[in-house]
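Chains as they are written, first to last, in our numbering: chain W, 1 to 324; chain Z, 1 to 324.
Please keep in mind that the hints were generated in silico from the structure rather than gathered at the bench. Even glycine gets a Cβ: it sits at the ideal position worked out from N, Cα and C. Mixed in with the good hints, there may be bad ones.
[Stated by the list, open to error] Counterexamples of contact, computed for chain Z against chain W with all Cβ distances above 12 Å:
1. Gly11
2. Val26
3. Ala42
4. Asn49
5. Gly146
6. Ala162
7. His167
8. Lys212
9. Ala272
10. Gln319
[As the list claims (entries may be wrong)] Distance ranges between label pairs, derived from CB positions:
11. Z:Leu27 with W:Arg262: 38 to 44 Å
12. W:Leu206 with Z:Asn173: 57 to 63 Å
13. W:Lys220 with Z:Pro175: 47 to 53 Å
[Said to hold, decoys possible] Here are some, though not all, of the chain Z residues that point toward chain W, as calculated from beta-carbon distances under 7 Å:
14. Gly157
15. Ile158
16. Gly260
17. Cys286
18. Arg288
19. Met292
20. Gln296
Number of protein chains: 2
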Amino acid sequence: MKKFIGVDLGGTNLRVGIVDLETGTVLALRSIPTLAREGHDAVIHRMTNLILNIICDNKISKKDLGGIGVGVPGVLDLEKGTVIFVPNLPDKWLNVPLRDTIAEQTGLPVALLNDARAITYGEWKFGAGHGVDTIACFTIGTGVGGGLVVNGQLHLGISGTAGELGHQTIDYNGPQCGCGNYGCLEAYASGPAISAMGIKAVLQGLTTNIGKLVDYDINKITPDVITEAARQGDRVAKEIYDQVGKYFGIAIANVLVSVGPRKVVMGGGVAAAGELLFASIRRTICDRVTVMPVDQVELVAASLGDRAGVLGVAVWASQKLIDV
Amino acid sequence: MKKFIGVDLGGTNLRVGIVDLETGTVLALRSIPTLAREGHDAVIHRMTNLILNIICDNKISKKDLGGIGVGVPGVLDLEKGTVIFVPNLPDKWLNVPLRDTIAEQTGLPVALLNDARAITYGEWKFGAGHGVDTIACFTIGTGVGGGLVVNGQLHLGISGTAGELGHQTIDYNGPQCGCGNYGCLEAYASGPAISAMGIKAVLQGLTTNIGKLVDYDINKITPDVITEAARQGDRVAKEIYDQVGKYFGIAIANVLVSVGPRKVVMGGGVAAAGELLFASIRRTICDRVTVMPVDQVELVAASLGDRAGVLGVAVWASQKLIDV
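Build the full structure now, drawing on both the sequences and the hints.
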């Protein structure tokens, strides 16, 4: 079976891996800074360079490659192979013909997929979601991404746009989200939103422990720092994760009553907070969901880490480019 | 092909039909008052009586019948064939072994399905949702029911509980819902919630037109009365439907970003308000949804009326009881 290249275009890092789908392993993986502020042309150029280099350096012949899958943190048109927009990158990547540009620059067939859907698919195929017919996955980073596998199929909806679980409204009068809507989960519980909760607590003088961890430089407050403070016993930091878990629980409750997955997989950096976050999510869904058997739903942490996106998008490419 | 009996157990009326699935027609249909306050045993007895009578009177032999499908307005355990609870019936029908009881009393095999899922399936197979792979359906009555067809399959989730679109939280600080949760769509936009908006407006003296239509007896204010007042030009009645459309729009937006149906079908009595309601829903989803192509989603009224549930549950029974 041919190997596939998986690309994970993140806001911070750009990862490229060679994937063996038979064993579900990443044979080689490289990561470079995305440097998104340089604009999409520069990023794409650096991406194709990295792809060609990893192929050469690993002495793989192009004819042994089935193609390239690219995970993109934005709204795509899968039919046209274009990026419609990327909310969290500086120049937004408006209507960029990404599929054909990469295909041209590499001489290999390309399939695009939203990055969170790629992680969902990777976790379902090889990771924490394995063995279950229907899962929901949340990825918590700069934004809150999501994806669904329904009855053993990655659920795409219209042109791959389904599964945007972070853009569910949990309070229609809530704060504005990067997507333009008001009260989306992402507006409450993304990485930056969590950091802001920590910054606010420090500025209000509610805790000194978070501040101490960053030498009182609030620029350095991240969800990881808040996790660290909570693990050291800081009450305010714990309350922040309680609150974040409540927000996630409300959105997950919506997914449970509408889609009814057997597993909910939590991925992305913030999910590393583990039980700090998960205990509150579990409490919230038990409190709020009565119309489906919530005891039959498992909440689990993603298990593939950085490799989930690369693996998932490679699986996707192998399906999409099957006739190539 | 064998015929099927479809039963639609409503809070007000109990309907039984003989269904020819080849043509998608209801050959005979009878409706009696449910008299739910008499308790589940009495209702089930009246139901099986009506089933046996309609079979006899139409001179159909039991061997020409494939079985009975029963649509129930509550939470079911499809594997066990039991009703877990019915929020909007007086005695709640807690853990009633409905499937086996009807099978015993009629001598025919029985399959249960949530009533809104039955309507969803009926509308998808023979009505307003026909010809589209993925649809979402809302049914607005005493509660707000829902259902999903995903990739040409009625989406069941865990034991048939998926598709409870009326129990999505649209404001986590919102009013309590009959299901126990806070801020569900149903708590804002069910038939009783809409009636209450009309009653409040009359009591506040904001409009005389709604009051006039019911001879100033607020007990008689229903969504239909408010629709009538709006059609006669009453500003307050129009505003009520604007607001109700906004609530539905927010919940529909959640379904669009997560599931991405190509069609959203609106059924139940309140949907008869038509454009009074739909215009506001369209405006809301256009305003709120940016992460999927909302212009590719059609919002339509259900087209099968009272027959949708009977037809849908008969289709379901034909699948479920296929080996009988």
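Evaluated hints:
| no. | hint | verdict |
| --- | --- | --- |
| 1 | Gly11 | holds, 17 Å |
| 2 | Val26 | holds, 29 Å |
| 3 | Ala42 | holds, 26 Å |
| 4 | Asn49 | holds, 30 Å |
| 5 | Gly146 | violated, 7 Å |
| 6 | Ala162 | violated, 3 Å |
| 7 | His167 | violated, 5 Å |
| 8 | Lys212 | holds, 33 Å |
| 9 | Ala272 | holds, 25 Å |
| 10 | Gln319 | holds, 15 Å |
| 11 | Z:Leu27 with W:Arg262: 38 to 44 Å | holds, 39 Å |
| 12 | W:Leu206 with Z:Asn173: 57 to 63 Å | violated, 22 Å |
| 13 | W:Lys220 with Z:Pro175: 47 to 53 Å | violated, 42 Å |
| 14 | Gly157 | holds, 2 Å |
| 15 | Ile158 | holds, 5 Å |
| 16 | Gly260 | holds, 2 Å |
| 17 | Cys286 | violated, 11 Å |
| 18 | Arg288 | holds, 5 Å |
| 19 | Met292 | holds, 4 Å |
| 20 | Gln296 | holds, 5 Å |
When each numbered hint is compared with the structure, violations occur for hints 5, 6, 7, 12, 13 and 17.
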